[in-house]
Amino acid sequence: MSAPLVPNLFAVCKVLVAAILSIVQQLIYALSGPIPPLRGLGDFVGSDPIVSIVTWLIVVTVVVLWVTVINLFTIMWVERKLYSRLQDRYGIMISVWSLPFWPFNRVHRPTHKGLGYLQNLADGVKLIQKENITPRNADSAMFHISPVLIASSTLMVFAVLPWSSGFYVANLDLGVLFMLAAFSLAPLGIMIAGYAANNKYTLVGGFRAGAMLLSYSIPMVLAVIALVVSTGTLDPVKIVQQQDHPIVLLGTALPIPAWNVFGPQVLGFLVFTVSMIAEMERVPFDIPEAEAELVEGWTTEYSGMRFGIVFAFKWLRMLAASALIAILYLGGWSGPVFATLSVGGIPVPIVPEEVWFVLRVYLLSAFFVWLSWSVPRVRIDQILNIGWKRLIPYSLLAILVAAAFRVIG
Amino acid sequence: MPEFWINMGPQHPMTHGLWNMKVKVDGETITDAKPEIGYLHRGYEKIMEVREFQKNVVLTDRLCYVSSITWSHAYCLAVEKMMGIETPERGQWIRVIALELQRVASHLMWLASYGPDLGLLTGLLWCLRERELFLDLIQLMSGARMNQNYPRVGGVRNDLPENFEAMCKRSIEHFLEKVKNEYPQIFQESKVFRMRTEGVGTISAADAINWGVTGPNLRACGVNVDLRRLDPYETYEEIDFEPQVWHDGGAGDSYARFECRFNELNESCKIILQALEKMPKTGPYRVKPPRRAEGEGYAKTEDSRGEALFFVIGDGDDRPYRVKIRSPVFCTMAATPQLLRGNKLADVVSILGSVDVCVGEMDK
Amino acid sequence: MSAVAQPVPEVTGRPVPLIEKEVLGSLKAAFGSKLTDGKVLRPRHLAVSIDRKDLIPLCTYLKNTLGFEHLSCVTAVDWKDHFDSIYHVENYYNGCMVQVTALIPYDDPKIASVTGLWRAANFHEREAWDLMGVEYEGHPNLERILLPTDFKFHPLRKDFAQEVDRQYITRRKLRGGT
Numbered sequence: 001m002s003a004p005l006v007p008n009l010f011a012v013c014k015v016l017v018a019a020i021l022s023i024v025q026q027l028i029y030a031l032s033g034p035i036p037p038l039r040g041l042g043d044f045v046g047s048d049p050i051v052s053i054v055t056w057l058i059v060v061t062v063v064v065l066w067v068t069v070i071n072l073f074t075i076m077w078v079e080r081k082l083y084s085r086l087q088d089r090y091g092i093m094i095s096v097w098s099l100p101f102w103p104f105n106r107v108h109r110p111t112h113k114g115l116g117y118l119q120n121l122a123d124g125v126k127l128i129q130k131e132n133i134t135p136r137n138a139d140s141a142m143f144h145i146s147p148v149l150i151a152s153s154t155l156m157v158f159a160v161l162p163w164s165s166g167f168y169v170a171n172l173d174l175g176v177l178f179m180l181a182a183f184s185l186a187p188l189g190i191m192i193a194g195y196a197a198n199n200k201y202t203l204v205g206g207f208r209a210g211a212m213l214l215s216y217s218i219p220m221v222l223a224v225i226a227l228v229v230s231t232g233t234l235d236p237v238k239i240v241q242q243q244d245h246p247i248v249l250l251g252t253a254l255p256i257p258a259w260n261v262f263g264p265q266v267l268g269f270l271v272f273t274v275s276m277i278a279e280m281e282r283v284p285f286d287i288p289e290a291e292a293e294l295v296e297g298w299t300t301e302y303s304g305m306r307f308g309i310v311f312a313f314k315w316l317r318m319l320a321a322s323a324l325i326a327i328l329y330l331g332g333w334s335g336p337v338f339a340t341l342s343v344g345g346i347p348v349p350i351v352p353e354e355v356w357f358v359l360r361v362y363l364l365s366a367f368f369v370w371l372s373w374s375v376p377r378v379r380i381d382q383i384l385n386i387g388w389k390r391l392i393p394y395s396l397l398a399i400l401v402a403a404a405f406r407v408i409g
Numbered sequence: 410m411p412e413f414w415i416n417m418g419p420q421h422p423m424t425h426g427l428w429n430m431k432v433k434v435d436g437e438t439i440t441d442a443k444p445e446i447g448y449l450h451r452g453y454e455k456i457m458e459v460r461e462f463q464k465n466v467v468l469t470d471r472l473c474y475v476s477s478i479t480w481s482h483a484y485c486l487a488v489e490k491m492m493g494i495e496t497p498e499r500g501q502w503i504r505v506i507a508l509e510l511q512r513v514a515s516h517l518m519w520l521a522s523y524g525p526d527l528g529l530l531t532g533l534l535w536c537l538r539e540r541e542l543f544l545d546l547i548q549l550m551s552g553a554r555m556n557q558n559y560p561r562v563g564g565v566r567n568d569l570p571e572n573f574e575a576m577c578k579r580s581i582e583h584f585l586e587k588v589k590n591e592y593p594q595i596f597q598e599s600k601v602f603r604m605r606t607e608g609v610g611t612i613s614a615a616d617a618i619n620w621g622v623t624g625p626n627l628r629a630c631g632v633n634v635d636l637r638r639l640d641p642y643e644t645y646e647e648i649d650f651e652p653q654v655w656h657d658g659g660a661g662d663s664y665a666r667f668e669c670r671f672n673e674l675n676e677s678c679k680i681i682l683q684a685l686e687k688m689p690k691t692g693p694y695r696v697k698p699p700r701r702a703e704g705e706g707y708a709k710t711e712d713s714r715g716e717a718l719f720f721v722i723g724d725g726d727d728r729p730y731r732v733k734i735r736s737p738v739f740c741t742m743a744a745t746p747q748l749l750r751g752n753k754l755a756d757v758v759s760i761l762g763s764v765d766v767c768v769g770e771m772d773k
Numbered sequence: 774m775s776a777v778a779q780p781v782p783e784v785t786g787r788p789v790p791l792i793e794k795e796v797l798g799s800l801k802a803a804f805g806s807k808l809t810d811g812k813v814l815r816p817r818h819l820a821v822s823i824d825r826k827d828l829i830p831l832c833t834y835l836k837n838t839l840g841f842e843h844l845s846c847v848t849a850v851d852w853k854d855h856f857d858s859i860y861h862v863e864n865y866y867n868g869c870m871v872q873v874t875a876l877i878p879y880d881d882p883k884i885a886s887v888t889g890l891w892r893a894a895n896f897h898e899r900e901a902w903d904l905m906g907v908e909y910e911g912h913p914n915l916e917r918i919l920l921p922t923d924f925k926f927h928p929l930r931k932d933f934a935q936e937v938d939r940q941y942i943t944r945r946k947l948r949g950g951t
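Residue numbers (the working numbering), protein chains in the order written: chain V, 1 to 409; chain H, 410 to 773; chain Y, 774 to 951.
One or more of the hints may lead you astray.
Stated by the list, open to error - With the Cβ distance kept under 7 Å, some of the chain H side facing chain Y (calculated, not the full set):
1. Pro419
2. Lys455
3. Gly621
4. Leu639
5. Leu682
6. Leu718
7. Arg731
8. Lys733
9. Phe739
10. Cys740
If you're looking for bench data, these hints aren't it; they were derived computationally from the structure.
Beta carbons are placed, not taken as given, at the ideal position from N, Cα and C, and that holds for glycine.
Turn these sequences into a full structure, and let the hints steer you where they fit.
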């Protein structure tokens, strides 16, 4: 029913890399006419190990660029425009037409009425050119390492996250477990950041963050356990494959696809979503970064691009969380392919799996943005109350329900 | 972990204005609090002894810059009591309209800052959008949006323009619909908002009266005191409105203060519409005060934040001998240690935001 | 805060007419000889003058017997030959305001503090001490509140330099008139 645009990322990249390296090899052979020792270099460049290594590098670069450049900018743009419209204003409008040189600086054109997509790039450039201040008595090594920890642990999630049945860097058998574990490494970075900055506010923010994130990891994992009881596997590709058919009820196939959220897993879905909102540190659970009381919470002392990294990775965590929810409960990338073109003998689906997946991720993110900007934030002890006293019993109930359904049918 | 003092301020996004709140925390619970004020002290009482009576209105505007007409009006009323003159009737009605417009603008500014304190940043933009309506009305009436220099000793500076009544009715109708339909959706009906504000920062009525808390903060404790009713000035006796008093149990918490202040928006709009009906269509709006005066006069008015009292002593010269400014926020600040003790650190914003601090009037 | 919930005072919120004459009458009956001056200024407003040693008994009588529970403000005035400490006390039950003026000699600016009766006096008396230099004995925490803690003068006194700039003096006055 659904078909990917990139059936195997490695194969696609290998084809491209082999083509480019063969061109390079021909160039070196041509040069080795006058310079004979270059022939050996030409053989080396075209050999299999080099092609594989370069393919690996290109694959990782493609995925990192796809995630951090294209998706990050787009989700930041979506959020800023959406919440501005909620607040009855236009939102970011700086676009390419605001650049001060030709051909963009036309005279009779309003400079700031554009789409606003480049605003985030401009903000990033602004942050890069700022001075990176380290507080005087701060624990310098820990202070500098914690943004790296947060960034690297979030990127590890994207190393295993498949964007369709072929677009991934690595597909582990325990993929979901790996993603949850990498997601949960960030609290370590946050607590280190809060402690290392030699500031009472960040200390309080770091403690609150640690308490909240650790206590919401438990219902998160319990909900996934409830899911595993019925899917039997932690492989994200297989989980999506299991949801790719219509529901069969009493022998007739309904037009509803068999997403996990439409079955006995609905309670697990709710628990997982609420836990993910807390893990993403979004309002209503953004007490660690409660700007009204603690200035910026645990990120107070970071300036310049360090703050940019931490801030941007908050959005990437939102993408990762939405992607996880989409894979586990909302059918991942399954969706009808309406037509298939044939381009030079290669079948290209009109609406490939990647598009369905990205659509789901962005719709979920839009829902989180809508929620964040309509609700005040909850106090830390009320958050911990909800986490321990409400979500954990519900997730245990979800496990029981999943086990009961497995036993019945 | 031992207890330590945290400085909330003087540079802080939450404390609207320049003051410092030292809280002593034990983990997350507050055990003691000490407000430190005076960062914005401008020496008003001394300056006002050097300027003539009318010229001091420029200064009193800037006492609380968010609600300037109410403060200048209180000063003019005190000077008029001292001189023994009275504003003509149309002038009194115009003053009432100006005061209530300024009260709505001030309450909207408070609401616009209270939402973001709790994390509800949409509230900022919605409330400021409505405040623009009222600032436009105030600009139509007096020529400026802020620090208008509008009340005069003996009346007001100018009469209402011709299109004021139509524009006023249109703006108020639009605004009342918003207050009834849109705002409760993000404030009163939001469960998270109620979770954050109910039960925090409670103070009993007897304590509140003893500490000198006045205004909506006192009405939230259940005490039915509104100076526009208890000690009427201008033409408030002829207007039919309800002081918003919190009647249910559990009085005196942040949610009660919020509700009392929020409902005053409705009441002020009612007062404005009634005043537009009842005021005489023509007539003098100002009398010329004598240049020199001797005696003492005091005026107690219901400012947006509580009881604003001006006490003016003249000794026969053309400028006051002594001016005493009593600011409601100054007195409520003395009660904040009691409000804060026992609550959590995250409630500081909720409590201090509901008390509505304006540093300009507190520090004089 | 006490553990027992204190009852909310039953106030009607409306003023009682002609109450000021009754209050003045009861004050004169209780303190007749000590009042140097007592008169009704306006409806619901009366003024009383006493010497500084009678302040606490009068205030206790006002608060406990007559029900004046709200202290609006405490003002200190510098009359160059004596100080005045003026207390505005309000009654929420009938809307009456009593203005108590206590005379303080110039070279001994001390007076008893009323923070024991009304805790609202706490900040007001600190401000009067800070700006005017009148000392309130018995105040729990008499230190500077508005000015910096190391400020040496009391600015609101009449002998503290006031820059009388030409722009604040009218031309008529400059020419020698009044």
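Results for each hint:
1. Violation of the interface hint for Pro419 (chain H) is found here, the shortest Cβ-Cβ separation to chain Y being roughly 13 Å, above the 7 Å cut-off.
2. With its C-beta approaching chain Y no nearer than about 6 Å, Lys455 (chain H) sits inside the 7 Å limit, and its interface hint holds.
3. About 3 Å separates the beta-carbon of Gly621 (chain H) from the nearest beta-carbon of chain Y, less than 7 Å, and the hint is met.
4. With 7 Å as the threshold, the beta carbon of Leu639 (chain H) comes within range of chain Y, its nearest partner Cβ sitting at about 5 Å, so the hint holds.
5. Because the beta carbon of Leu682 (chain H) sits about 22 Å from the nearest beta carbon in chain Y, more than 7 Å, this interface hint is broken.
6. Interface restraint check: Leu718 (chain H) against chain Y, minimum CB-CB distance 5 Å, threshold 7 Å, status holds.
7. Annotation: Arg731 (chain H) was flagged as interfacial toward chain Y, and the flag holds, the nearest CB pair being 5 Å apart, inside 7 Å.
8. Of the supplied interface hints, the one on Lys733 (chain H) holds, with its beta-carbon coming within about 4 Å of a beta-carbon of chain Y, less than 7 Å.
9. Hint on Phe739 (chain H) holds. Least Cβ distance to chain Y is approximately 6 Å, under the 7 Å limit.
10. At a threshold of 7 Å, the smallest CB-CB gap from Cys740 (chain H) to chain Y is about 6 Å, leaving the interface hint in force.
The structure does not agree with the numbered hints 1 and 5 stated previously, though it agrees with the rest.
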